[in-house]
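**Q** The residues making up each chain are set out below.
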Amino acid sequence: MISSPFIPRVPLSSSSSSSSSSSSGPVMLPYLSNYPRPKRNDFKSRNLAFMPLKCIHNSRFDSSSESDARLPSFSASCLTATEATLASSDLVADRLRRVVAEFRSLPEPIDRVKRLLHYAALLSPLGDSARAPENRVTGCTTQVWVEAELDKLGRVRFRADSDSEISKGFCSCLIYMLDGAEPEEVVKVKSEDLADLNVGLHGKAHSRVNTWHNVLIAMQKRTTALLAGSE
Amino acid sequence: MPSTLLQLCCSAMETLAPKLPSLKVLNPSSSSSSPSCSTARSSSSLRAGLRRPFSLSISASAVREGDPAVGSVSLGHVTRTDFPILHQEVNGSKLVYLDNAATSQKPTAVLKALQNYYEAYNSNVHRGIHFLSSKATDAYELARKKVAAFINASESTEIVFTKNATEAINLVAYSWGLSTLKPEDEVVLTIAEHHSAIVPWQLVAQKTGAVLKFVNLDETESPDIEKLRQMLSRKTKIVVVHHVSNMLASVLPIEEIVLWAHDVGAKVLVDACQSVPHMAVNVQDLDADFLVASSHKMCGPTGMGFLYGKRELLSAMPPFLGGGEMISDVFLDHSTYAEPPSRFEAGTPAIGEAIGLGAAIDYLSGIGMQKIHEYELELAKYLYENLLSVPNIRIYGPVPSGNTNRAALCSFNVENIHPTDIATFLDQQHGVAIRSGHHCAQPLHRYLGVNASARASLYFYNTKEDVDDFVRALNDTVSFFTSFK
Ligand SMILES: Cc1ncc(COP(=O)(O)O)c(C=O)c1O
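Chains as they are written, first to last, in the working numbering: chain X, 8 to 238; chain A, 10 to 494.
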């Protein structure tokens with residue numbers, strides 16, 4: 008394991024094998040392993056500015072350990088630093104596809120909930136100061152806070168938190184998809200694209216309790232505001 | 010065992026119903042308000058949609074009295090069969106619907122009434138002279154009579170149809186409030202009011218300079234009625250209170266509050282959204298000045314609610330919305346307004362929905378509101394006592410006791426688990442539908458020091474088995490999240 012200052016805060020499931028299948032167990036997706044590594048100095052600057060976070064160490068788990076998400080420490084599906092990369096324009100769409108595919112591969116609701124809780128556990132909590140009213144995402148039945156800033160390369164960096172574990176799981180996935188992306192890419196994502204992620208909220212893309220939708224919109228609004236502010 | 014009883018009971022109902030000689034006579038409300046339709050065809054088609062509830066009450070009691078072995082079949086078991094929606098699986102589990110305070114399900118009788126209206130006599134009301142229009146008008150006005158009879162208003166013109174309770178409250182706030190309230194006048198409410206009873210008065214207070222005064226909870230976690238009494242003065246112009254709290258399950262003594270308010274010359278608006286569907290409410294006994302409720306919470310369609318207002322009050326009130334229906338004569342610079350209730354029903358009303366509400370009222374009356382109330386008190390107690398067994402649970406509202414009855418709902422939190430996570434898991438894993446959030450009562454949640462709560466709310470078609478399923482599922486949910494920590 009190459010030690011790198013960049014530790015992805017929200018790694019989703021990764022696997023050494025890139026073949027996902029429709030076998031009975033949960034399908035693990037080879038999240039970022041196929042993607043080009045970022046140039047070293049790229050992420051050095053960025054992540055020093057914005058990444059305190061808890062180290063999620065790599066585990067090349069097999070699907071049986073992953074499926075028991077009650078044991079998050081075992082199932083922590085982490086990426087090695089070598090596999091990590093920052094989202095760039097084409098990666099957002101790809102990550103979205105992968106997250107959708109991952110949740111689709113879990114036919115049992117309880118497994119989807121477990122997966123969300125698993126990702127929730129990987130999201131580092133925001134400090135009390137960031138849990139400020141101005142960071143609140145409106146319209147959720149839970150409290151969700153989103154913070155966004157532009158890094159030196161003009162990419163958007165997100166942090167989020169919630170008082171609900173499931174909402175935190177949603178945030179975790181969204182951050183995985185959007186953190187480090189170009190602002191234009193963030194703004195481009197449509198909430199319909201997230202429909203398949205609707206764990207517990209089937210087909211209610213426009214429901215006022217749809218946390219996916221509300222958090223995405225909040226992230227996009229913050230991004231637009233950042234762009235306007237930086238011009 | 011219950012399922013065989015249920016089947017037995019259902020088949021008894023099926024066979025009994027067609028044999029009844031005259032369904033009409035057996036319905037308490039139909040004798041006072043017999044269909045005013047002019048043709049045999051129309052009255053029979055109207056009644057057709059209403060047949061089921063009558064057969065229900067009869068068959069239910071026939072089964073009870075006739076066969077002691079089935080005497081233990083609860084009202085929930087008997088009536089469940091009238092609600093097709095309840096018989097389905099959700100996320101692979103049998104649906105347990107416990108979100109009735111948000112909205113109720115609709116019995117077949119109501120669905121049929123709606124379908125029959127659209128199939129047989131859909132037409133605009135109060136304007137056409139043709140056959141269908143007069144038939145639709147009769148049915149629409151009959152629905153108004155049914156509502157009036159249901160809450161014992163002295164005349165049906167005291168019933169204004171609105172799209173829901175929220176609109177009814179806005180109607181009073183904007184029409185009565187804007188024309189009556191002056192700076193320094195006081196509107197007294199409780200912190201347990203639904204947003205729909207708070208926000209309209211905030212808007213009107215901003216415009217008029219009136220002041221809103223809120224009553225807190227007492228140590229039993231019910232609105233403090235002693236404080237409410239002390240808050241009343243000659244400055245008080247209206248008291249706006251719920252009858253039954255949608256979060257605390259507490260019941261306010263409206264009769265007393267009305268006496269106190271009238272003593273200082275104030276009016277009283279009762280938000281009866283959570284009482285009218287569940288118990289007999291008599292506006293004349295309460296002597297309430299205004300009372301509102303929503304059709305969708307009482308087995309009727311959405312898009313329909315009503316305002317009861319004392320005749321002399323409604324007659325003195327200016328219109329709320331302008332348009333067709335509500336005018337007497339329109340000139341280019343002014344108009345004269347129709348008498349209530351038309352004055353407050355601008356535009357084409359929700360005709361089918363009003364008729365559907367009428368059918369819902371027939372259905373409820375066929376069972377009997379007293380019977381519904383008694384059964385729900387039993388369910389309420391059962392729910393509360395069984396929920397208490399869940400580890401680290403906090404149930405809001407008064408503790409039930411000899412003289413404190415709770416409505417059949419419980420808002421609660423389980424330590425360290427977000428209520429939305431609980432509701433999501435209950436739905437996903439157990440097919441149990443409950444509500445999570447602030448239930449449109451943010452001030453109350455703030456007072457209780459929480460952001461959100463979970464709420465299970467029952468109706469007469471729920472059973473103790475539903476409660477058992479729910480409590481079992483909740484225990485499983487709690488251990489799931491606890492094991493994850
Ligand atoms: C006590 C109370 N008041 C008012 C309302 C508002 O009803 P509606 O949304 O049908 O207007 C509700 C419904 O949630 C309620 O429970």
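Any given hint might turn out to be false.
So, partial list: chain A residues that the calculated Cβ filter (under 7 Å) puts toward chain X [as the list claims (entries may be wrong)]: (1) Q97; (2) E98; (3) N100; (4) H427; (5) T433; (6) Q437; (7) Q438; (8) S445; (9) G446; (10) Y456; (11) N460.
No lab work stands behind these hints, which were simulated from the structure alone. The C-beta atom is built at its ideal place from N, Cα and C for all residues, glycine as well.
**Q** Each hint needs a verdict: does it hold in this structure or not?
**A** Here is what the structure says about each hint:
1. Annotation: interface hint on Q97 of chain A violated; nearest CB of chain X at approximately 14 Å, more than 7 Å.
2. Hint status for E98 of chain A: violated, given a least beta-carbon distance of 13 Å to chain X, over 7 Å.
3. Given hint, N100 of chain A at the interface with chain X, holds; its Cβ is 5 Å from that chain's nearest Cβ, closer than 7 Å.
4. Among the interface hints, the one on H427 of chain A holds; its C-beta lies about 4 Å from the nearest C-beta in chain X, closer than the 7 Å criterion.
5. Annotation: T433 of chain A was flagged as interfacial toward chain X, and the flag holds, the nearest CB pair being 4 Å apart, inside 7 Å.
6. Interface hint at Q437 of chain A: satisfied, since its Cβ lies 4 Å from the closest Cβ of chain X, which is below the 7 Å cut-off.
7. Because the beta carbon of Q438 of chain A sits about 5 Å from the nearest beta carbon in chain X, less than 7 Å, this interface hint is met.
8. Taking 7 Å as the C-beta contact cut-off toward chain X, the hint placing S445 of chain A at the interface holds, the least distance being around 5 Å.
9. Proximity of G446 of chain A to chain X holds as hinted, the smallest CB-CB distance being about 4 Å (cut-off 7 Å).
10. At a threshold of 7 Å, the smallest CB-CB gap from Y456 of chain A to chain X is about 17 Å, leaving the interface hint violated.
11. Satisfaction of the interface hint for N460 of chain A is found here, the shortest Cβ-Cβ separation to chain X being roughly 6 Å, below the 7 Å cut-off.
Taken one by one, the earlier hints fail for this structure at numbers 1, 2, 10, listed in ascending order.
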